[in-house]
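> For reference, the chains in residue letters:
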Amino acid sequence: MTKAHVNKLDNQHLSALLDGEQSLTDEVIAQQDAATLGRYALIGDVMRAESEDAFVFDISDSVAKALESEPVYADFTQKESQTAAIAATGTDNVVAFNWRKPVAQLAIAASVAMFAIVGIQTLPQGENSPNNEIPMLQTTPVTGMASPVSYSSEPALQNAEQGLRELQQQRIGALVLEHQRQARVAYSLEKAHTEAQAEEEKN
Amino acid sequence: MKVITFILSLVLMAPAFANDENPAKQLLLKMADAVHNRNFDASFVVVKGKSMEPYRWLHAKQGNTELEHLSLLNGAGLEMVRIDSQVTYFEPQSEPYSIDTDSIAGPIPEVLFKDIERLSQHYDFVLGGKGRIAGRAAQLVRIESKDEYKFNYWLWLDAESSLLLKSAYVNQAGEMLEQLQLTHISVTEEPAALLLEMLNREFPTPLPAAATSQSEANTSSNNWQIGWLPSGFSLLKSDRHKLDLNNELTDYYLYSDGFVEVSIFVQRPLPGRRPSGALSSGATTVYVHNSGSFDVSVVGNIPATTAKAIAESVARPL
Numbered sequence: 001m002t003k004a005h006v007n008k009l010d011n012q013h014l015s016a017l018l019d020g021e022q023s024l025t026d027e028v029i030a031q032q033d034a035a036t037l038g039r040y041a042l043i044g045d046v047m048r049a050e051s052e053d054a055f056v057f058d059i060s061d062s063v064a065k066a067l068e069s070e071p072v073y074a075d076f077t078q079k080e081s082q083t084a085a086i087a088a089t090g091t092d093n094v095v096a097f098n099w100r101k102p103v104a105q106l107a108i109a110a111s112v113a114m115f116a117i118v119g120i121q122t123l124p125q126g127e128n129s130p131n132n133e134i135p136m137l138q139t140t141p142v143t144g145m146a147s148p149v150s151y152s153s154e155p156a157l158q159n160a161e162q163g164l165r166e167l168q169q170q171r172i173g174a175l176v177l178e179h180q181r182q183a184r185v186a187y188s189l190e191k192a193h194t195e196a197q198a199e200e201e202k203n
Numbered sequence: 001m002k003v004i005t006f007i008l009s010l011v012l013m014a015p016a017f018a019n020d021e022n023p024a025k026q027l028l029l030k031m032a033d034a035v036h037n038r039n040f041d042a043s044f045v046v047v048k049g050k051s052m053e054p055y056r057w058l059h060a061k062q063g064n065t066e067l068e069h070l071s072l073l074n075g076a077g078l079e080m081v082r083i084d085s086q087v088t089y090f091e092p093q094s095e096p097y098s099i100d101t102d103s104i105a106g107p108i109p110e111v112l113f114k115d116i117e118r119l120s121q122h123y124d125f126v127l128g129g130k131g132r133i134a135g136r137a138a139q140l141v142r143i144e145s146k147d148e149y150k151f152n153y154w155l156w157l158d159a160e161s162s163l164l165l166k167s168a169y170v171n172q173a174g175e176m177l178e179q180l181q182l183t184h185i186s187v188t189e190e191p192a193a194l195l196l197e198m199l200n201r202e203f204p205t206p207l208p209a210a211a212t213s214q215s216e217a218n219t220s221s222n223n224w225q226i227g228w229l230p231s232g233f234s235l236l237k238s239d240r241h242k243l244d245l246n247n248e249l250t251d252y253y254l255y256s257d258g259f260v261e262v263s264i265f266v267q268r269p270l271p272g273r274r275p276s277g278a279l280s281s282g283a284t285t286v287y288v289h290n291s292g293s294f295d296v297s298v299v300g301n302i303p304a305t306t307a308k309a310i311a312e313s314v315a316r317p318l
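These protein sequences, in sequence, are chains A and B. Following our numbering, the numbering of the first sequence begins with 1 at its first residue and continues without gaps. Following our numbering, the numbering of the second sequence begins with 1 at its first residue and continues without gaps.
These aren't lab readings, by the way, just hints derived from the structure by calculation. A hint or two may mislead.
Below, in silico cross-link-like pairs of lysine-lysine (DSSO-like), each with a Cα-Cα straight-line distance of 30 Å or less [stated by the list, open to error]:
#1 A/K202 with B/K114
#2 B/K242 with A/K191
#3 B/K50 with A/K191
#4 A/K191 with B/K114
#5 B/K242 with B/K130
#6 B/K146 with A/K191
#7 B/K30 with A/K191
If you're wondering where the values come from, they're calculated on a predicted model, not measured in any experiment.
Throw the hints in and build the complete structure from the sequences for me.
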């Protein structure tokens with residue numbers, strides 16, 4: 001394995017860690033330098049559209065800052081006065097609705113979100129499920145369950161396999177999202193459908 | 001033996017006068033009425049296998065106008081707003097848009113708040129036991145599929161107010177696949193200020209009614225032969241379009257039996273040898289069928305066996 005290859009794998013680790021897909025171990029943290037961690041945190045924030053004004057450029061910095069100002073969180077009176085101030089401005093008391101939020105996120109954010117769903121879907125179903133004869137796809141390879149090809153020492157072959165898997169994952173994500181969207185018009189379509197049928201029967 | 005014959009005859013006679021006297025149906029109608037006419041603020045969670053989605057659900061009736069807001073609280077979020085017969089969806093990955101429809105397509109099947117009568121051809125409504133849900137006395141109502149190709153849906157309704165407390169997709173083995181549970185509900189006299197604020201907001205104008213365009217679309221584009229679907233499903237729409245996320249072209253079919261929707265996608269096959277198989281999350285199944293020269297994918301809240309049978313029944317046009 002080349003050096004570059006090793007690094008890439010490490011970063012996958014780190015990315016998974018930030019996305020909450022992997023548990024936090026001292027070992028993993030220790031392996032990474034702070035800059036990479038900060039960058040990944042930022043990417044994650046942007047993808048999830050969580051950083052509207054405050055971009056977190058370096059997570060270690062903000063953690064340190066947060067720790068410094070920790071008492072604020074326990075100071076309930078201050079918090080109350082803040083919310084009261086917001087409420088007083090009138091229009092801002094609808095913060096629960098975020099329709100004023102800019103909707104300029106990257107399309108990739110959605111595919112990432114779907115990716116997560118796919119990951120959950122691939123978890124093996126109960127052993128006694130009646131659908132046992134149905135093959136369950138494993139889109140995110142779990143250690144020890146990946147196909148033998150993945151163990152190939154040939155990087156090219158491995159990459160191709162990986163690319164294909166990603167392609168299929170993307171497609172499944174896209175299909176699920178499309179189904180959700182189409183289902184929204186289903187009810188009104190169906191109503192129009194039955195009404196039209198009733199009309200016909202009348203005539 | 002006599003007892004069995006007696007019970008059998010009861011069962012056989014039941015459908016004859018089920019229409020007016022089915023208490024389960026009456027309860028569901030009462031729930032629909034309560035959901036449409038009360039001012040409430042509720043929170044619920046949807047548990048799908050190992051994942052969980054929390055929602056907040058507000059509803060108000062201001063004069064003759066219904067206001068409703070449903071919001072997914074985790075992750076990038078999803079906001080659904082209804083003012084009478086216009087629903088607007090705010091999604092993180094696209095511009096907000098509105099649809100001319102009088103119910104929100106959320107995690108609760110819309111038909112339950114509407115005319116459940118039309119489900120009775122393919123589903124039975126059965127009264128279940130009583131229990132305690134979310135700290136309230138609850139009555140179980142079971143919507144049971146008449147064949148084994150669909151899931152059953154169980155609802156627990158508040159014995160007092162008839163509002164929904166819990167619901168679940170249940171498979172034929174009686175296992176709950178996807179559960180929805182209210183964690184809190186408060187019914188108020190006055191509509192919530194948040195909802196009244198909606199009246200002062202501008203929303204996108206609804207897309208032109210999809211209903212009008214569907215008949216032409218049916219004939220123009222695709223003519224794949226879909227050999228089998230469980231009885232009761234009818235075609236709502238079919239077209240050819242590009243998927244939002246990966247820009248792939250697909251022939252698309254949307255079917256519904258009034259309760260659940262099924263999407264069928266026919267696409268150019270992906271390269272490489274890929275096995276056919278199913279994925280599931282809660283009640284939602286995705287079945288990907290590699291049929292050689294084309295790929296068929298079926299998505300919907302149906303059992304994997306049904307999705308498989310549908311996908312495999314799709315054939316090339318003659």
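> Evaluate each hint against the coordinates.
Taking the hints in turn, this is what the structure says about them:
no., hint, in the structure
1, A/K202 with B/K114, "holds, 22 Å"
2, B/K242 with A/K191, "holds, 26 Å"
3, B/K50 with A/K191, "violated, 34 Å"
4, A/K191 with B/K114, "holds, 10 Å"
5, B/K242 with B/K130, "violated, 48 Å"
6, B/K146 with A/K191, "holds, 22 Å"
7, B/K30 with A/K191, "holds, 21 Å"
The structure fails to meet hints 3 and 5 from the earlier list, while all remaining hints are met.
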